[in-house]
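So the protein sequences, as listed, match chains A and B.
Oh and the first sequence: position 181 is 181 in the working numbering, straight run, nothing missing.
Oh and the second sequence: position 222 is 1222 in the working numbering, straight run, nothing missing.
For the record, the hints were derived by calculation from the structure and aren't laboratory data.
Just so we're clear, the structure is a prediction, and the values are computed from it rather than from any experiment.
Be aware that a few hints might be false.
[Said to hold, decoys possible] Footprint (simulated), chain A over chain B, 3 or more residues, beta carbon under 8 Å:
hint: 1; stretch: 1038-1049
hint: 2; stretch: 1121-1133
hint: 3; stretch: 1253-1262
hint: 4; stretch: 1269-1280
hint: 5; stretch: 1308-1316
hint: 6; stretch: 1358-1369
[What the hints assert, rightly or not] List time: in silico SDA-like cross-link candidates among lysine to any residue, alpha-carbon distance up to 25 Å:
hint: 7; chain 1: A; residue 1: Lys178; chain 2: A; residue 2: Ala235
hint: 8; chain 1: A; residue 1: Lys501; chain 2: B; residue 2: Asp1377
hint: 9; chain 1: B; residue 1: Lys1361; chain 2: A; residue 2: Lys178
hint: 10; chain 1: B; residue 1: Lys1361; chain 2: A; residue 2: Lys501
hint: 11; chain 1: A; residue 1: Lys501; chain 2: B; residue 2: Leu1096
Built from N, CA and C at the ideal position, the CB exists for glycine as well.
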Amino acid sequence: MRTARVSMVAVLLSAIALTLLSASLGAQVYARTGRPPFSHQKHEHLFPTCTGCHVGAVTGEASALLPPPALCGECHDGTTQKRVSYSGPAPRQDFLTFAHRQHASQVDSTGRDCTSCHATRPGGRWMDVQRARPESCQSCHTHRASAHLAPDNRCATCHIPIARSRTITAEQMAGLPKPPSHADARFAGNHAVSPADVQLQCATCHTRDSCARCHVNASDVVAINQLQPDARMAAAVRGKPAVYLTPDDHTGERWASAHGRLATANVARCASCHAQPSCTTCHIGETGRSVIRRLPTGKSGAPGVQLSLPRRMATTASLAVPHAPLLRPAARGAAVSGWGDGRDTSRTIVRVHPTGFDRQHAASAASGRLTCEGCHTKRFCADCHAGESRRNFHPANFVQRHAPESYGRDLECASCHNTEVFCRSCHQAQGIAAKGQRAGVYHSGQPLWLLQHGQAARRGLQSCTTCHTQRDCLQCHSQRGWGVNPHGPDFDPSRLGARAKVMCARCHLSDPTIR
Amino acid sequence: MTHASRGGLAAALLASGFASGLAGAPLAAQGIRISGTTWLQSIDLRPVRQDSVLASQTVASGSERRTSDGQLVQCPGTLAYCYYATSGARQTTNPLLQDLSIAAWGLGEGVSAHAHLRARASVGGESALWPRLGDHFDALDAYLQVDRRFGQARLGRLWASNGLGAYNYDGGALLLRRGPHSIEAYGGRALVQGLNEPYTSAEIGAVDDLPPEDNGYLIGVRVRARPSDLSAISAVYQRVIAADRSTLYSERVSLDGMTRLLGTSLDANVTYDMAGGLLNEARLRAARRLPRGFDGAVEGRRHRPFFELWTIWGAFAPVGFDEGRAEVSWRAPREHLQLTAHGGYRKYAEAGSGLAYLPLKADGWRAGVDATWMASDRVSASASYATDIGFGASRTDLSAGARWTPNERVSLGAIVSGFQSIYEFRVGTGRVIGGAINGGVRLTPDLRVAVDGGIYRHHLTNDAPGTDWSQRRASVRLEWSVGSDPGMLGGRGR
Chain A
1 MRTARVSMVA
11 VLLSAIALTL
21 LSASLGAQVY
31 ARTGRPPFSH
41 QKHEHLFPTC
51 TGCHVGAVTG
61 EASALLPPPA
71 LCGECHDGTT
81 QKRVSYSGPA
91 PRQDFLTFAH
101 RQHASQVDST
111 GRDCTSCHAT
121 RPGGRWMDVQ
131 RARPESCQSC
141 HTHRASAHLA
151 PDNRCATCHI
161 PIARSRTITA
171 EQMAGLPKPP
181 SHADARFAGN
191 HAVSPADVQL
201 QCATCHTRDS
211 CARCHVNASD
221 VVAINQLQPD
231 ARMAAAVRGK
241 PAVYLTPDDH
251 TGERWASAHG
261 RLATANVARC
271 ASCHAQPSCT
281 TCHIGETGRS
291 VIRRLPTGKS
301 GAPGVQLSLP
311 RRMATTASLA
321 VPHAPLLRPA
331 ARGAAVSGWG
341 DGRDTSRTIV
351 RVHPTGFDRQ
361 HAASAASGRL
371 TCEGCHTKRF
381 CADCHAGESR
391 RNFHPANFVQ
401 RHAPESYGRD
411 LECASCHNTE
421 VFCRSCHQAQ
431 GIAAKGQRAG
441 VYHSGQPLWL
451 LQHGQAARRG
461 LQSCTTCHTQ
471 RDCLQCHSQR
481 GWGVNPHGPD
491 FDPSRLGARA
501 KVMCARCHLS
511 DPTIR
Chain B
1001 MTHASRGGLA
1011 AALLASGFAS
1021 GLAGAPLAAQ
1031 GIRISGTTWL
1041 QSIDLRPVRQ
1051 DSVLASQTVA
1061 SGSERRTSDG
1071 QLVQCPGTLA
1081 YCYYATSGAR
1091 QTTNPLLQDL
1101 SIAAWGLGEG
1111 VSAHAHLRAR
1121 ASVGGESALW
1131 PRLGDHFDAL
1141 DAYLQVDRRF
1151 GQARLGRLWA
1161 SNGLGAYNYD
1171 GGALLLRRGP
1181 HSIEAYGGRA
1191 LVQGLNEPYT
1201 SAEIGAVDDL
1211 PPEDNGYLIG
1221 VRVRARPSDL
1231 SAISAVYQRV
1241 IAADRSTLYS
1251 ERVSLDGMTR
1261 LLGTSLDANV
1271 TYDMAGGLLN
1281 EARLRAARRL
1291 PRGFDGAVEG
1301 RRHRPFFELW
1311 TIWGAFAPVG
1321 FDEGRAEVSW
1331 RAPREHLQLT
1341 AHGGYRKYAE
1351 AGSGLAYLPL
1361 KADGWRAGVD
1371 ATWMASDRVS
1381 ASASYATDIG
1391 FGASRTDLSA
1401 GARWTPNERV
1411 SLGAIVSGFQ
1421 SIYEFRVGTG
1431 RVIGGAINGG
1441 VRLTPDLRVA
1451 VDGGIYRHHL
1461 TNDAPGTDWS
1471 QRRASVRLEW
1481 SVGSDPGMLG
1491 GRGR
């Protein structure tokens, strides 16, 4: 007895499942092919008119648009014909403003009939029909749209705003077709529309949640606020990454220097994609702060272009990062293959400075070309130029190998180091500089050094002074010493004497500028 | 009280005043932020010392001789002894450096206070081996600032960073701006460049036997203009005069500019010593992006050293050189690989000294290649080879390193390097091979610890003076910040 009950329940559940499955399959077939699961062609000899079954197309009764099950059951009663699983019309999608009743009179007056919209092909067989396609609508409606999803179409002619639909699901929202225009490279920068157009076009497929997926300042944009929020759309776009295409002007060579002025003039445009962290990645100083503060704050996980500086990839010098001029996207899986128009730049590495900038920045810093204070505090300069920096400007083990740099003046050592105190005190402490001696050990391997040292001193005097004091030289090169003239052929005593007579008195017993 | 002690007192008073100002600042300031870096190093080396041997124990005659074991010695004149350099006992120095950076803002519209202080100490070992460990306190800058749309005024110990370099001084600066153009005048008591001390500082006197006798006053004017988005130009006039106005220490101008023409970036700078009537530096560089991921740059440069007039060096008529440089680099399309090759050649001016039949090398050149490989977001590696052949010293070196950054907080790197030096003025060839590791971890957003250590071994390869430059080095660095967050978090840690 118990077994029999279980079997009955199982059969019942199976029947329900099959019914639901068949209905679901039917809906899927309808959606995929545009053809109703009911085979009209099998019944083409039975029904001479459409309105026999679809009387609602004329009366406007939604419940009568499809025939009631009883009508089918007149034949499919299990005796005459096998029974069919048809439980009556499903709730109709309310996404369209179209109503058959409104078109019924036109059908009568223009001679058109149901096949004008529903025939599979012109001149086809009777009842070879399908779901009406958007193109069918456009064959009559004169809004000059080139295609159903073309940007010149007026969506509101046939559609209601999607947020007002009560039948569409989150899954269906997520699967709505994307107009080709939206994939265009320039769409990101040019898709702003008038508030009127928002309702006529955008609202057909978008809710406020659609825009907030990417727009950092969605809550501040009037056009976006005209859209209704919708929980189904919020669910549909949840987890879907924001996509930011690079506007054309961002890729120009002037952008680095011009973006501040443009941002000041129209920060709202920036706020579409950028929150404050975009700016403060570079602008850690004062410059631009008043403009930056007008951007959204940018909470963690919120949308917005994520800018970052290159990782410190060098193993020694912190500044020796191979910088490119500006703006390159970070790799984000397969979604990013390069940069430029049409490429997602949601995560972008900002490379402000060119290659070798750590050694070549003098002109930039001095001229104000990059407004260093915009990103760097004054202390940033002192970090390096104060000589005992915590920054590792020089390559590894530079302390042992800096002699060629000193002679060749690849960089000006005095920019950061005081020759007398920094260099000489170290050389003295190490025993390299032999203070006060004419016969030091440093040049011990140069047999004729005394005869050659003049040439060396003229060419590398800065290096000489890292060990030698002034008196080392004055022992010979002064009137107080051996009187050996150290001046070169183009030496102008009167010029220097007029400006620094004290210097002359170091060597000369009398004023050398008086002849 | 000496000039130097007066200078130190002034700095201390300035810092004290600033600190006391800060003590009251919370009452009014919107925020104060203090950042510090504590850096403890340990360096182990063998200093050079001079030794002697009886002349009778040497071989050959003349001023250059050898001992019986091959040691090169110098035998001056008729002395009974010959001298040579050798390595002394191994010594260690442990310098401790503490930097403190303070900023207080919101004291009024555009009003802020800033200071960068530095303290040094030796925590063991031989303190003389590290520069300036006897100078325990430095105020690199400490100033009040009022910043408005039309200009900026600063007062205190300030930096003047411009085409002539970075100088600090005790005084004031007033900057007026109109759009992208500005003019700034500054002046005050001059501090020696790179030293942060007055001209009469005892630190100069300790290493130079003819130090300046009087302090200096610095005045300067800088004009900046930006004719277009792609062009900028700056001119600076700066003069340092002795406090008693008896002599000039320096009088210089510089002109710096950048522009971009037809896709080529040009930058140039000129510095001129008005006191000596000499062109110190003239440089023009052109850089351009080339097809297929290449970048190229060429540069022409004329260099002649500059010396302040409190020294006699400018009267020794130093000569300079002309140099041409070129660089080309290539980046893979996804930028995971970058290669750079660079080279330069310099030719020195006629020295006008010495004997014609004993010429020294009058030119020099350098070349090298660098490679950087980003294996992934976490792993990168770099390698470089360079050679620099000059008239005073030459070197060829090779280095390679790798860095692992598992996340934003942690990094670990290692580098090996080796170089060979050829000292023209100190005959001898040696090789130094070594390696170092470094790592860092950010424990909290406001606290980071970094450590590094390295060993370098010196191998003499011929008759170089018998000095052993093998060294061991290690350091630990603590970087921290406390106080308010000014809302600019993006650059923290850079």
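Which numbered hints does this structure break? Hints 8, 9, 10, 11 are the ones this structure does not satisfy, whereas the remaining hints hold.
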